[in-house]
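**Student:** All chains should be modelled from the sequences, with the hints used to inform the complete structure.
Residue numbers (the working numbering), protein chains in the order written: chain X, -11 to 450; chain V, 63 to 322; chain F, 291 to 537.
Non-contacting residues of chain V with respect to chain X, defined by C-beta distances greater than 10 Å in every case (computed):
1. Pro136
2. Val147
3. Arg219
4. Asp246
Reference listing, derived: stretches of chain V covered by chain X, where coverage requires no fewer than 3 residues with Cβ under 8 Å from a Cβ of chain X:
5. 118 to 124
6. 221 to 235
7. 253 to 259
In short, the hints are calculated from the structure, not lab data. Don't be surprised by glycine CBs; every beta carbon is placed ideally from N, CA and C.
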Amino acid sequence: MMTLSLAIRNLLRNRRRSLATLLAMAIGAASILLFGGFSGNIILEMHTRNVQRGGHLQIQHRDFFLFGSGNPTAYGISDYNDIIKAIQSDDVLENLIAVVTPTLQFGGIAGNYAASVSRTVIGTGYVASDINRMRSWNDFGLRSKAPVSVLAGAPPETAVVGVGVARVLQMCDALHVDKCAPPQVKADDNASALPDDIAQLSLQESVATPLGPARHIEVLIVNSRGAPNVTALEVIQAEDQGIKELDEITLITHLEKIQKLVYGAAQPRVTSIVIQLRHSDQLEIARQRLQPILDRYSSHQPLALMDFRMLNPFFVQTEQMFDTIFGFVFLLIGAIVLFTVNNTMNTAVVERTVEIGTLRAIGLRRVGIRRLFVTEGALLGICGAALGVLLALLLSELINRLDIPWVPPSMVEPVPLTILVSSNPALILKTTLGLICIATLSAWWPAYRAAKLSVVDALRHV
Amino acid sequence: MHRRSFLPLCGLFCVSDAVLAQTTVAPNAAAMLAASDAIRNPSQPFSVTVTLTEFQAGKQIDTSTLTSYSRIQPNGQFASLVRFVQPARDAGKLMLKNGNDMWFYDPASKASVRLSPQQRLLGQASNGDVATVNLARDYTATLAATEDIKDGERQTRRAHKLALAASAPDVTYASIELWVDAADNRPIKARFYAESSRLLKTAYYRRFQPQLGANRPTETVIIDGLNPQSVTLLRLSDYTARDIPQTWMQRDFLPRFQPD
Amino acid sequence: MTDQGPASQPAAPEAPVALLTGVAKTYHMDAVDVPVIKGVDILVRHACFTVVLGPSGSGKTTLLNMIGCIDKPDAGEVVIAGTKVGELSDDALSDFRAKNIGFIFQNFNLLPVLSAYENVEYPLVLAGVPPKIRAERVPRLLEAVGLADRAKNLPGQLSGGQRQRVAIARALARKPKLVIADEPTANLDSQTGEAILGLMRRLVIKNKISFIFSSHDHAVIRSADDTIFLKDGVIGGIRRRPMEAAT
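**Tutor:** Here it is in structure tokens:
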């Protein structure tokens, strides 16, 4: 205790210097924590969004993820209803799962032939009532809310498209999409005209098939046997998908309608069974439980269980990027703390050389001298880190209360800027311990040098 | 490659099993169908020059010329090898349609690509399916009505309306309405439907001329069912009977093809 | 009490508290070697008030350093309280010093962050002496040096003489065999210095502790039992006064 008491009093001896060191450490610690809280929030937002859209786990045909984008319907899962029933009747999974729902992905062409435009789309058929159940997932208690899809409760002949699709199909006014000036098509006046007699034939056909109002589209797909099939859908909403590339190809509609289009009278299939859990940390338990069910139904079709990280590589990359940056920030600030404390302790050693000699003379061992200075360094570390934590908590509370709106990457609506420090004890602990270690370590070298001094030379020091 | 100049018009002409049974007008729907097939297509292997013109909203937007080499494979499947002639940017490119497989080959890059059914939804690839349908082989015909319709030259004709239902599992069109002339079983008009009973294409056959032993339609007008502003005109000329070996109708042969 | 005159000595002499044999020390400065102690033999008597007398530069400090075990000789042997200190490791030496030797410095060398009480207490804490015994001994020590009322003062609040008294109390805290003081009165005025010397002398007699200090002032000969004359690194002579009987 003497060591501690001595260390405290020695630190208080030169208040200005100790305070400066403390402040440097505190600002460093606070910076680390604020950045960690900021990036932590972004990751949680992205995590939540991914789970809202695609669940935690998806059962798919084994090759669908890598090869399915060329021809999704070729990778359909048969007996999907049996699989879903098996999942729902498992008592362990019952407590873990929030939503289980089948989806069918398909490729096709959506056309607004009143305006003579069409666009290739990648569509997904959902059980409409499940979409909003999935979107209500908010296990992390974030302040942002997912937009409600109007497809739930809408008639089966309806669809939702991305805003890019709405733009290309010139349905902006009908769907209230902004920033949508129709493109100026340069008319080629030199082109020869359709011969009259053929024009007449064409006209005959036009009357035969009346075109629907502005929100109608024709969706042309290839059915499971390779033949084209087409249906009319009414677009009831243009929804921002968050990423421009997705906006331009997305079509969401009702599962049953698409199944009938693709599979006709044959047994319908789905390309994915989406499973959303109540809590993300139960993913591994769920996976263990699901694997035997999969194996049971894999006799004639290879099935795979994909988790949302495998399905969203962008999310994993973002996570890794933030982790890397965090590590870099921590190293940087750690280096600053190292040098600051080292400098402070070195100065202290030089100032107290005579004292060190005295202590040695009256019988303090070398290790005792080292302990003295290392304790001072550790104390600086503890106080600096504690102050930093306090500072970070205060600042983050303040910022969170200000409700500054911003749009995180791959989100569609502005959310209030949130920095998660107080809800992240692991971050606080890691940072605090790390900085204390660094401060203690950086005091070690000056302490070692102090202990190595020859007693006589130390006593002689001016 | 340009989708618009994509023309798998190979095998415009499918030869049915019942060869040249068109001399008598039979009230039997299947016989009528077979007869109309025989009018459209010569039975022996042949080559023909195809001129394609595309119109959109009344204005011509593209035109191309191709040479098509067609034959019936031993398994009864129809196959066509099509060579692009015009425009110059597409000259030399090849298309192979063998049954349900469609291949595209570019001599400049020596690359050959198989087209998936989805890729054939767009552009001229979809028209190719209209032209190459082997009706008698893939569909069962029933006589739906006998009525007067306006033909491709806007003349009124008395026609038998045949309702064709797909009998083979992987045909492109789930059902077809085909009007054949009551007098001589000439195909006049056809409507091609998807499984959901939506109209996908309408075709008018016109400008019948003697070619390779029969009066055949040398012009087909194809009107897109979803977008009636989109019209394609097929003009056929220079029918020539010739020897076409079976080896031509393979994807591996494409790089070695030499026109004569 | 036996009736003995001042000339008669007690029968059995105690073992010397310090015995130096052939001790030499050279300082190495840049390119020059400076011999400071050139081979001395010294016997420091037990319970004696010994002074090392010599002009500045004679090697007094070096000699005391070697006796105090904070420096090692280049030649010769140093035996303190029967222990050959040359054979001890650094840690053992530290422990030896803590237990057997007390130090008093010219500049007092108190820990500025500790109060008088705590400064005196410090060696006891280092030794692991239980708090109860500390609480008993420290006030007595402070009283012995006449600073009982200044226990809570920091060194910065004490005069030079008071600080030296605290230093003396600290030096005596662990009841050492030998107390070493290097020019203890050099930074004090003559009156205070005399008082300090007197205090040290009384403590020596009272507690039977050996005391050795250095000085260049010939006047201290009067107070000392033994005087060791040091000049240019060699012993000029030793004068020993017969020990007084305890009264």
